[in-house]
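Got chain A sorted already, so can you dock chain B onto it with the hints?
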Amino acid sequence: MPGVAVDSSVWVAAADPADRFCAASRAFFTAVVRHRSSIHIPAFAHVEVACAIARRTRDGSGARRLAQAMLAVGPVEEVATDRALLARALLAGTTAFLRGADALFVAATQATGATLVSWNDELVQRGGAVTPSDWMAANP
Amino acid sequence: MKATIEIPDDLYRLVKAKSGLEGRAIREVTEDLFRRWVAEAPVPAGASTEAAGAWLANWIALADDVMRKAPAGPTARDHLVEDRKRLERR
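Going down the list, the protein sequences come from chains A and B.
Quick note on numbering: the numbering used here labels position 140 of the first sequence as 140, and the sequence is numbered without any gaps.
Quick note on numbering: the numbering used here labels position 79 of the second sequence as 79, and the sequence is numbered without any gaps.
Among the hints, erroneous ones may be present.
As the list claims (entries may be wrong) - Result set (DMTMM-like, lysine to aspartate or glutamate): computed pairs, CA atoms no more than 20 Å apart in a straight line:
#1 B:K2 / B:D32
#2 B:K85 / A:E77
#3 B:K16 / B:E28
#4 B:K2 / B:E28
#5 B:K18 / B:D32
#6 B:K85 / A:D121
#7 B:K69 / A:D82
I should point out that these hints are in silico values taken from the structure, not numbers from a laboratory.
One chain only, chain A, in its complex shape (with noise of 0.2 Å):
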């Protein structure tokens, strides 16, 4: 099965009990390890879930350590953010008027011919994602 991207939305949303979309992104990272995919993400992603996860926490450490045990050895592969990715997301940023971090995402796609995944309704309308309950249900 071709791997997914997982923006930082779904990971955050996952890590927080308290988010709405919480038991939903648990449960499309649980399909996702039954399925086997690989999970993709930009080289930064990692820091931008551990800083809005601090920023909630007000836990620098305990964020530090979620975001290391993301890329613990696991399904997770990480996509270089070199001058090959950023010509990418310059193109797909300014064609569907991105944001900076959310045309890396759809490049990080792109450059891994996986299916971008977020609860961004941006990245959903203009970006080609789809939602985690939408993943599902297409791969029951």
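Below, chain B alone, put in the same frame as chain A:
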């Protein structure tokens, strides 16, 4: 060839002590470890379902632990959205 590497002091002390106990030179131990590591089969991407399941279970357990003491307020996703919108006109 010669290679110079830096390792933490405490780790080096442990390596020196153990190699001394075993009567082996540190160079010999290092070479042995390098050879065994190079010969290992690479971990396949996406590995096994079991390994991936363990990774996810560990990550969620850690998230629950980290989030347990989070104060009331905006969710982490709210913070993320705000971060990404920060340059937009208000």
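Right, here's what the structure says about each hint:
1. B:K2 / B:D32: Holds, at roughly 16 Å.
2. B:K85 / A:E77: Not OK: K85 of chain B and E77 of chain A at ~27 Å, beyond 20 Å, violated.
3. B:K16 / B:E28: This hinted pair holds, its Cα atoms lying about 12 Å apart.
4. B:K2 / B:E28: holds, 13 Å
5. B:K18 / B:D32: holds, 14 Å
6. B:K85 / A:D121: holds, 13 Å
7. B:K69 / A:D82: violated, 37 Å
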